[in-house]
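> Here are the chains, one letter per residue:
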Amino acid sequence: MFVLLRQLQRIRSECALPRPARRGSLQLRHVDAGSCNGCEHELQAASGPAYDLARFGLSITASPRHADVLLVTGAVTTRMRGALEIAYAAMPEPRRVAALGDCALGCGLLGDPSQIAGRVEEILPVDLRIPGCPPDPETIARHLRELLAR
Amino acid sequence: MTDALSLTAVPPGLWRETIGGLGRRGGLPLSLFAAAGPDGFPEVRCLAETGDGLMLAVCPALDGAVPSVADVVPALHWDEREARDLHGVVFTGHWPHRPLVHHPADLAEWTTPVTGDDVHQVAVGPIHAGVIESGHFRFHCVGERILHIDVRLFHTHRGLEHAAEGLAPDEALPVVRRACGACAVANSVAFADAVEQATGRFPDDATRRARTVLVELERVYNHANDIGAMCAGVGLAPGAMVFAHAKERAQRIIHDLTGHRFMFGAVAVGGSGLSIGADAAAGARGALAALGRDMAAAWRALLFDASLRDRVAGAGVLPHDEALRLGVVGPAARASGVGRDLREDAPRLWYPGFRAVLPAEPVGDVAARMEARAVELAQSLALLDDLLAGAVTPGSVTTVDSGGRHGAGRVESARGGTTCVVELEAGTVRRVHLRTASYANWPAVARAATGAILPDFPLVNKSFELCYACVDR
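Protein sequences appear in the order of chains B and P.
So for the first sequence, this note's numbering puts the first residue at 202; every next one is plus one.
So for the second sequence, this note's numbering puts the first residue at 6; every next one is plus one.
Hints are computed from structural coordinates only; laboratory data are not their basis.
Each hint can be trusted.
A few chain P positions that, by computed beta-carbon distances, are all more than 10 Å from chain B: (1) Arg103; (2) Asp209; (3) Ala286; (4) Ala294; (5) Arg316; (6) Gly456.
So the derived label-pair ranges between C-beta atoms look like this: (7) Ser11(P) x Pro332(B): 39 to 49 Å; (8) Pro326(B) x Gly28(P): 54 to 64 Å; (9) Arg351(B) x Glu54(P): 51 to 61 Å; (10) Thr403(P) x Ser226(B): 53 to 63 Å; (11) Pro314(B) x Pro399(P): 32 to 42 Å; (12) Arg346(B) x Thr403(P): 50 to 60 Å; (13) His267(B) x Pro399(P): 42 to 52 Å; (14) Gly31(P) x His267(B): 50 to 60 Å.
According to the in silico footprint, chain P covers these stretches of chain B (three or more CB under 8 Å from chain P): (15) 269-279; (16) 309-322.
Where a beta carbon is used, it is the ideal one built from N, C-alpha and C, also for glycine.
Between the sequences and the hints, there should be enough to build the whole structure, so can you do that?
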């Protein structure tokens, strides 16, 4: 444990993450609506030690009932449409939807049209667009901080 | 060449003996899927090791039916269910035939009836509490004890195989790669190998070396991720964070070498465009060596962490015979003492003298699966140290024969043996089937978690750390 903590201490100092000036916080709920798992890896990295979304007051919450933002990855498949709509309906107002990655934005290679319900925009009102395939953790953090400023 | 694919037409009457008897004759069935035959009628194809090479056995679905082999080869159970859902082939004798890709509303149609005093169901997903892909689990429990799990995946089914059909191989490659971000390289190389085999081409030394560099880099960041995920599964934050950062370091090295954190676009059909200069290779080699030292120190610390050992030792045991019966692959199989690794015989990649490594005590529990990642990490870093000793140069393929209609590619991904079978027609992909290691191993997750308590499921699940996207496609 001592070795791990010492490594963590070193990671922390090497990353030298600046303290954010802005105050406030947002709870994020992620839904994979048909992703390739790339966006999931990068979103996890964004909340990991090298980027640490939490220092901006941005944290992943377990339930849509506690969420301010619905982060949707992937083109929405026919099989995920219902679950996505239920998650959105469960959120308290005011609520925001962020489309994360090119598939969610409808500009990636999506697959067989008969299996895809549509891009996120066609299903839910999208407030924030985070482009990339997948967007790197830095990009994810930057866009989410924009939402914090709104 | 040692990897020729022989095509064998099998009449329905001999199908069960041909596929079911493979094990007795030293062979191994690898994947099974349906396709439209040359006359347009459906047929079932099975890729298998025969003991002296690869065989693609083909059986016509007369009146839309083929004898089932799922009872004698349980590893092909999901394959048959998928083929029925997607191609309408009926597997005679496969009973009850539960849908896999389709999602009927009626619970009785897709779950196993579990009855008895106090038996109840716990439904989880498709949306999970963390940043996890979508999938639904139905736990049949008494109290906290899991009696049985019904797994319903394919929530992220995008019909990628179907979407790739009719495209030229180089256009189909990004579609196939889209199956999974974390296995993008392994799946792409398997597809490229399959296409090259079908067109009678063989990668030259430079291409083989370049692809091996990519496959091993993918394994390094995935294995680091998986060890961290298992620490997270027991709430050991220091372990989770140190290995999350190790993964991040690996991905930054990967980005420097290939221009993409997941190496999207780094694999091509018919050669390799990857070019890493001697200086860049030396830089990466040094960075990987430093990363390896830090991970080794962190791993040793985990071995002496009593609270972690207490949770992982003896948890989620997958016995050796069950691993064999279910056709489990990769680190999960090796953790159960099944010493198979496709890298031992990979003529289209660069693994001279490679031997699979197993954990010291391959007893099939979470601890063994965790250790399997640790020992393979060291092995992969040693391979990369050798491969990056000089520049990585672009390569091409050489024509070795006239090829055939079909080709098969096999790659040991971070999660295990991945198989891609391609059928070409007039320069386009007529049928492509990708069977990833995650596809092979999902039934084993349910098996290993049976008898565990419900709160241990996330840990058991993370010890396999399978992709959903790789299965759903």
